[in-house]
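K.L.:
One line per chain: the protein sequences are A and B, in this order. Its first residue numbered 1, the first sequence is counted upward by one per residue in my numbering. Its first residue numbered 1, the second sequence is counted upward by one per residue in my numbering.
Read the hints as simulated data drawn from the structure, not as lab findings. Built from N, CA and C at the ideal position, the CB exists for glycine as well. A couple of the hints might just be wrong.
[Unchecked claim] Below 27 Å or equal to it, Euclidean Cα-Cα: the simulated BS3-like pairs (lysine-lysine) are:
(1) 32(A) <-> 49(B)
(2) 54(A) <-> 32(B)
(3) 49(A) <-> 104(A)
(4) 64(A) <-> 54(A)
(5) 32(B) <-> 54(B)
(6) 49(A) <-> 125(B)
(7) 54(B) <-> 32(A)
(8) 125(A) <-> 32(A)
(9) 32(A) <-> 54(A)
(10) 32(B) <-> 125(B)
(11) 125(B) <-> 104(B)
(12) 49(B) <-> 64(B)
(13) 104(B) <-> 49(B)
(14) 104(A) <-> 54(A)
(15) 125(A) <-> 125(B)
[What the hints assert, rightly or not] Sample of chain A residues facing chain B (criterion: CB under 7 Å; computed from the structure):
(16) 38
(17) 56
(18) 65
(19) 73
(20) 130
[To be verified] Looking from chain A toward chain B, a few residues come up when the C-beta cut is under 7 Å (computed):
(21) 72
(22) 75
(23) 84
(24) 112
(25) 120
(26) 122
(27) 126
Protein chains: 2
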Amino acid sequence: MHKENSKEFITTTALLGAGLLMAGPSLATNSKKMVVHHVFFWLKNSSSKEDLAKLITGLQTLKKISTVRNIYIGVPAATEDRTVVDSSYSASELLFFDDLAGQKTYQDDPIHQKFIADCSHLWEKVIVYDAVDV
Amino acid sequence: MHKENSKEFITTTALLGAGLLMAGPSLATNSKKMVVHHVFFWLKNSSSKEDLAKLITGLQTLKKISTVRNIYIGVPAATEDRTVVDSSYSASELLFFDDLAGQKTYQDDPIHQKFIADCSHLWEKVIVYDAVDV
Numbered sequence: 001m002h003k004e005n006s007k008e009f010i011t012t013t014a015l016l017g018a019g020l021l022m023a024g025p026s027l028a029t030n031s032k033k034m035v036v037h038h039v040f041f042w043l044k045n046s047s048s049k050e051d052l053a054k055l056i057t058g059l060q061t062l063k064k065i066s067t068v069r070n071i072y073i074g075v076p077a078a079t080e081d082r083t084v085v086d087s088s089y090s091a092s093e094l095l096f097f098d099d100l101a102g103q104k105t106y107q108d109d110p111i112h113q114k115f116i117a118d119c120s121h122l123w124e125k126v127i128v129y130d131a132v133d134v
Numbered sequence: 001m002h003k004e005n006s007k008e009f010i011t012t013t014a015l016l017g018a019g020l021l022m023a024g025p026s027l028a029t030n031s032k033k034m035v036v037h038h039v040f041f042w043l044k045n046s047s048s049k050e051d052l053a054k055l056i057t058g059l060q061t062l063k064k065i066s067t068v069r070n071i072y073i074g075v076p077a078a079t080e081d082r083t084v085v086d087s088s089y090s091a092s093e094l095l096f097f098d099d100l101a102g103q104k105t106y107q108d109d110p111i112h113q114k115f116i117a118d119c120s121h122l123w124e125k126v127i128v129y130d131a132v133d134v
């Protein structure tokens, strides 16, 4: 992770983003902007360390998918207990793609499909947030 | 973002994470692991481009906080419309910190406090997810 590069990126894209905001409603559909894909999983057996380990092992296979630019697999952090913080999930995957096409390729990749086939019995709930940089 | 570095990082920490999982319940409270802080905002006036622009301008001030290692400000991406995807939010901020202390410093920083004071009237709902790398 390179702090300064990222900050320059934000500064540059901030101007671009502001322009797009004024230009019309096409901001989120620009197919060439970086996509952040964040998925939160709630295990059926939320207290099972074995099931959590199986899920994390499955998530780690996703890094092999060609369009994945960065991947971070997490569990809830011990930050302050505030009402706005949802720490009820079991594990999370945070993926970066170059663009919408990269995300679609990931969805259809056999490695991703195998992960779902192998692990989906473990979870009872999933929430996905897909964001594009402004 | 450097793909190969990140993948090596995951590979290395996967082994560490597996060890921690077996060692006990202290995984999420390891204070020296990287923290991913992802916040989703729902505007009161969800169709107001002006309010969205104000919120994004406010979010962009957060990059100046010293413990912020990376920041990505986003809006919902035009990915597939699946039942698990929540695209109802207005904007998101994704921040990386070196550790729990960095996240706490950010919460208390005057720039963050000013953002809340200036912008909190714009939103009706916030959800925060804090994750540590496994």
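K.L.:
Run the distance test for residue 64(A) versus residue 54(A): straight-line Cα separation, threshold 27 Å.
P.N.:
holds (17 Å)
K.L.:
Closer than 7 Å between Cβ atoms is the bar; does residue 72(A) clear it against chain B? Give me holds or violated.
P.N.:
holds (6 Å)
K.L.:
Residue 65(A) was flagged as interface toward chain B. Is the shortest Cβ-Cβ separation under 7 Å?
P.N.:
This interface hint is violated because 11 Å lies over the 7 Å limit.
K.L.:
Would the hint on residue 122(A) stand, with a C-beta cut-off of 7 Å toward chain B?
P.N.:
Check failed: Cβ of residue 122(A) comes no nearer than 15 Å to chain B, outside 7 Å.
K.L.:
Would the hint linking residue 125(A) and residue 32(A) be met if the CA-CA limit is 27 Å?
P.N.:
violated (30 Å)
K.L.:
Holds or violated: residue 32(A) with residue 54(A), Cα cutoff 27 Å?
P.N.:
Violated - the C-alpha atoms of residue 54(A) and residue 32(A) are around 34 Å apart, more than 27 Å.
K.L.:
Is the hint on residue 84(A) kept, meaning its closest Cβ partner in chain B is under 7 Å away?
P.N.:
This interface hint holds because 5 Å falls under the 7 Å limit.
K.L.:
Given the hinted pair residue 49(A) and residue 104(A), is their Cα-Cα distance within 27 Å?
P.N.:
violated (31 Å)
K.L.:
Next item in the hint list is residue 73(A). Is there a CB on chain B closer than 7 Å to its CB?
P.N.:
holds (5 Å)
K.L.:
Quick one, is the residue 38(A) hint okay against chain B at 7 Å, beta carbons?
P.N.:
holds (6 Å)
K.L.:
Please verify that hint: residue 130(A), Cβ, nearest Cβ of chain B, below 7 Å or not.
P.N.:
Cβ of residue 130(A) sits 4 Å from chain B, so the hint holds.
K.L.:
Is the Cα-Cα distance between residue 54(B) and residue 32(A) 27 Å or less?
P.N.:
holds (24 Å)
In this structure, the earlier hints numbered 3, 5, 6, 8, 9, 10, 13, 18, 24, 25, 26 are contradicted, and the remaining ones agree with it.
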